[in-house]
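Engineer: Model the placement of chain B on the given structure of chain A, informed by the hints.
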Amino acid sequence: MELYLDLHSQPCRSVFLLAKAIGIPFEFKLVELFAGQQYSEEFGKINVMRKVPVMKDGSFVLTESVAILKYMLQKHSSSLADHWYPADLQQRARVNEYLSWQHMNLRAHGSKVFLLKALFPVIMGSEVPKEKMDAAVQDLNQSLQMLEDKFLQNKPFIVGDKISVADLVAIVEIIQPVATGLDVFEGRQKLTAWRERVKKALGEKLFAEAHEVIMKVGSLPQQMQNNSNLEMLKPKFQKLFS
Amino acid sequence: MAVELYLDLLSQPCRSVLIFAKKNNIPHEVRNISLMDGEQYGDHFGKISLIRKVPALRDGDFTLTESPAILLYLAQKFQTPEHWYPADLQQRARIDEYLSWQHCAIRLHGSKVFWLKLMIPEVLHVEVPKEKMEAAVEELSGSLKLLEEKFLQDRPFIAGGHISLADLVAIVEVMQPVAAGLDVFEGRPKLNAWRDRVQAAIGKELFDEVHQNILGSQERVKVMDGSKLEFSKAKILNFFM
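Quick note, the sequences are listed as chains A and B, same order.
Be aware that the first sequence starts at 1, since it is given in this note's numbering, and climbs by one per residue.
Be aware that the second sequence starts at 243, since it is given in this note's numbering, and climbs by one per residue.
Source of the hints: derived by calculation from the structure; they are not laboratory data.
Honestly, I wouldn't trust all of these hints.
Claimed, not checked - Calculated lysine to aspartate or glutamate pairs in the EDC-like style (CA-CA distance at most 16 Å, straight line):
no. : chain 1 : residue 1 : chain 2 : residue 2
1   : B       : K289      : A       : E131
2   : A       : K239      : B       : E380
3   : A       : K239      : B       : E324
4   : B       : K477      : A       : E131
5   : A       : K236      : B       : E381
Note that the coordinates shown come from a computational prediction; the quantities given were computed from them, not determined experimentally.
Bound conformation, chain A alone (with noise of 0.2 Å):
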């Protein structure tokens, strides 16, 4: 199996921190997204809408995060834990359901807080307006709080008692502005508590691992300014602050 992947994105980072936690074996083709190589031709050939992740299985080519995950989940259903994709009717339909909210709100978000904290700058060539960036970490703060009120109320997990995908996919999409300096966790304890426990479940080495590219991501800015490509970029990332 192989997977296209640029761990600056969360929803790469979830695809292989499943992979890694269940022991499926991969083959890493790494895209760099800052670099533009989702832009080249031969990775247009692997997904016409040049994003990642994207899961080759033989000849069998899969988008989408969520696909992706549910596919590995199945693939190794009999050998795998049953919390990660519960066959339990409502634990699935509750996975279900944090899968499908997370895009517009926790992912959509996240990602806007980053974008702006981290790429709006050089791309843009100024800085942040207030009332956007305000209005980002409004918008944020209420997802985090959807997510502690509604999916985690007073579970450990999501679902209950166990770690499943659910839990996989909210913790990078929070990881992403905390990269950029919001520390979201600050003053929420409930959330807290619940990413150590995300992070001792899959292995606090893994987790590091899979973050180590994100974490770094202050030198970003200075990355692309060098980088040769950026004029070609800057139109492509504009679309993003529209």
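Structural biologist: Frame of chain A, contents of chain B only:
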């Protein structure tokens, strides 16, 4: 025992859930939640869902939101015909891929066109700049192109030879901008043909019945009390403009 479905048929994901329940003869009771009247913010609905969005399902003590989750729950619980969500790993993955992609693509772009073309100018009485409208239509065109070229290709339906949850979720979203007066099928023969197949597979009568409300939107806004949406105005403008 019948499941309770909290719905407003003006909402695309409510339509996919109702079509699925009716088509598969799943015992259900519809509880209407009028979005235009803000009923999703009432105390009663708050007990069903903190998220305050439709559709929502209640099955005894169990409540559930998010249409893809509700559809999968109903399919599994009521053992609906296999083609809706096949056991074959790769076919199933194609459906999951579509259900994931569509959130930030067709669903978002179709909704945006609906609001910018119809609801914001006609009900909220806020002018929509021409460039914004054009940009929204262009984004929708991009998503429709991907639906045709990546998700359908030369297959009759998204997952292959039979209708699945993916086509159901797709069609209700494609109908939203149509309801605002944008004929997305014009000049798109492949999309047109797929729409006809999906309607035939669902049953035209059921399809039309569920879409009756939304397709009356252009007429309804002429007589609609604009003040109804005042409470959501800032949120709506912030999101779509």
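Engineer: Determine for every hint whether it applies to the structure shown.
Structural biologist: The hints, checked one at a time:
no. : hint            : in the structure
1   : B:K289 / A:E131 : 34 Å, violated
2   : A:K239 / B:E380 : 13 Å, holds
3   : A:K239 / B:E324 : 40 Å, violated
4   : B:K477 / A:E131 : 15 Å, holds
5   : A:K236 / B:E381 : 14 Å, holds
When held up to the earlier numbered hints, the structure conflicts with 1 and 3 and fits the remainder.
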